[in-house]
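Now for the letters of each chain:
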Amino acid sequence: MKSMKKVVGPEYNLGEKIKTNVYAVGVAMQESVYPHTATVFYPRERKKMPDNFRGFILFDPDKCISCFNCSFVCPANAIRMKEAPNKRYYPTVDYGRCIFCHFCIDSCSGGALKATKIHDVAYKDMDEMFTPTEEMIELPEIIREDKKYVEYEIEEDDLHLKRTKGEDYLFVDVPPPIQIPMVSQCIDRASCIGCRVCEEMCESGAISSSAENGMLRMKIDTDKCTGCGLCVKECSMQILKLERK
Amino acid sequence: MEVINTLMETVMSNQVSIPLIEPMLDLLPEIPMLQYMVAFMLWKPLFAILICPGLTVGGITLLFFPWIERKLCGRAQWRVGPHEIVWWLGGVIQILADTLRFLFQEVIVHKDAHRPYFLQFPFLSFMIFLLPLLFIPAGTIVAIQTPYAIQIILALVCLFPLFILGLGWASNSRFAYIGTVREAFVYFAYEIPFIIAAIAMIILYGTSDPLLMASRQSIPGIILNPIAALVFFIGAAMATSRMPFEIAESDQELCAGPHVEYSGIAFGLIYVLCYEKAYILSALMTILFLGGGSGPAIAGLGDLSGVFWFVVKTYLVLTTLFMLRTVYPRYRLDQGLKLGWSPMLCLALIGLAISLVVVAVRVI
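Here the protein sequences line up with chains A and B, keeping their order. Its first residue numbered 1, the first sequence is counted upward by one per residue in our numbering. Its first residue numbered 1001, the second sequence is counted upward by one per residue in our numbering.
Calculated from the structure, these hints are not laboratory results. Treat the hints loosely; a few may be bogus.
[As the list claims (entries may be wrong)] In the DSS-like style, the derived pairs of lysine-lysine whose C-alpha atoms are separated by at most 25 Å in a straight line are:
id: 1; chain 1: A; residue 1: Lys48; chain 2: A; residue 2: Lys19
id: 2; chain 1: A; residue 1: Lys6; chain 2: A; residue 2: Lys147
id: 3; chain 1: A; residue 1: Lys6; chain 2: B; residue 2: Lys1111
id: 4; chain 1: A; residue 1: Lys19; chain 2: B; residue 2: Lys1111
id: 5; chain 1: A; residue 1: Lys87; chain 2: A; residue 2: Lys233
id: 6; chain 1: A; residue 1: Lys87; chain 2: A; residue 2: Lys219
id: 7; chain 1: A; residue 1: Lys47; chain 2: A; residue 2: Lys82
id: 8; chain 1: B; residue 1: Lys1111; chain 2: A; residue 2: Lys17
id: 9; chain 1: A; residue 1: Lys17; chain 2: A; residue 2: Lys2
Fair warning: this is a prediction, and the values are worked out from it, not measured in the lab.
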């Protein structure tokens, strides 16, 4: 039987031991006189978050094309689409479930969802964490007590805090994503069974149907089509396809 | 009247002389009663009990050293320590706030505890822990002067773990039990080298009267016998069961060891016990190795200059003792016992030998 190799710690002689002990005590003394304190005194000062910080999600209804992509992609099922008074479907976020992965923002084709650096919204209970669309449009009310913001700087394995007077901005104005205009098109007209699901699904009224000679004829208005892709997802024969305009 | 006169004579013959406040004292005879009260206050034994090293300085130590320790450790570990209570002063009154909280908290006595002892021991041990202060001189001021002071202090210091064992026994819980057994183990490991180191210094000075000891330390004891000083210091660190030797109270495994069941003001008392112990042991270290209250006399302070140097040296030792926890990780029980029984015992014996050699050289 092969003998097992025993893991042993490094061996130090007496001189090295004294040296390391003196070094450790010296560092402790130095730190207690000139400390590199890494604490941020939160309400009075704020840590400066990077611009691509994943925080509270803002929503702009004018840019929303109701494509449902955010709610489809959400891994935590936090986003539900709710019907607004203008008969459009807009997202609502349940922050009790949200894991702040921001897949919804990445997948938003119209650039309607936006990330902010707000990470300290307080709720009284779980029900209140469900945020309807109206509350996502404007920034939540924040009482700013911070007079400075803090940045971490790493120099030669040592971490330093850099404090700057002034308030850190919480809303980042990210340029809108490059939009590729898409349009829905039928690739196999002969297979259409005329179920009219696409017509019911379409939010913008681009798909219309008309009876001709006892046959149902579907028509897609390319000017009205926003390219949301809802009809493509719902088509029972899977003959619709998104194509570039 | 004669009784009062003889009493006043004894009191007046042994006064703390402070040149700085003498003009004020000269005005006092005009006010009735007050001169007697001030005379009593400045009577050396009463001054030792009430002011230094007794009530006032001890109280200040207990009130501020937990804060200083937490603050220093925090700074060394890149934290801030206590901060939010009076944050513009760095949370100085944190311990006062904690004490208030402890005072108003209910003392819970659980079902299995031995009720009378469970409630008695924190208060009893607090009293016992104060007793060595009677024999510790600050400069020339001492409550009870005896040629056997060091032996009495050592005997009283050796009593401390007995009360910790009592706390653990009265708690009657498994964590307290394990902590108590560990305390007993560690007690035997550090006590013998600790006492041998103290004896080495008694042999070196040829006396165990602290006042004489201070006068014989033209060269401080820490230079004459550094090995005994090292052993005494490590022994003191183990005796206070602070961080590197926090074997009995290890937070990770035993919550708080012998005092896991305590709450309210009983816990508050136990919490300051180890600071009290550390204060007494660093005072003893000051007497044995750092020359007690000897130091350059400060003009105008008179006897208080000795008190000043004593307090400064004691606080220096105390701070060093507390700084250990920022540097060293906690010892396991077996490592602690090994350290106590082999290297420390050997070093203590070497220290004893050094003392004997120094005494022999001095005789020749």
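Hints, one by one, checked against the model:
At roughly 40 Å between alpha-carbon atoms, A/Lys48 and A/Lys19 are farther apart than 25 Å, so this suggested pair is violated. Of the supplied pair hints, the one linking A/Lys6 and A/Lys147 is violated, its CA atoms being roughly 56 Å apart against a limit of 25 Å. For the proposed pair A/Lys6 and B/Lys1111, the alpha carbon gap of about 48 Å is over 25 Å, so the pair is violated. In summary, the hint linking A/Lys19 to B/Lys1111 is not supported, as the alpha carbons are separated by about 53 Å, beyond the 25 Å threshold.
Only pairs whose Cα atoms come within 25 Å are accepted, and A/Lys87 paired with A/Lys233 is accepted, the gap being roughly 20 Å. Pair hint A/Lys87 plus A/Lys219 holds up; C-alpha atoms about 22 Å apart against a cutoff of 25 Å. A C-alpha spacing of about 35 Å is found between A/Lys47 and A/Lys82, which places the hinted pair above 25 Å, so the restraint is violated. As the CA atoms of B/Lys1111 and A/Lys17 are separated by approximately 50 Å, the hinted pair breaks the 25 Å bound.
Our distance criterion of 25 Å between C-alpha atoms is broken by A/Lys17 and A/Lys2, whose separation comes to about 34 Å.
Comparing the model with each earlier hint shows violations of hints 1, 2, 3, 4, 7, 8, 9; every other hint is respected.
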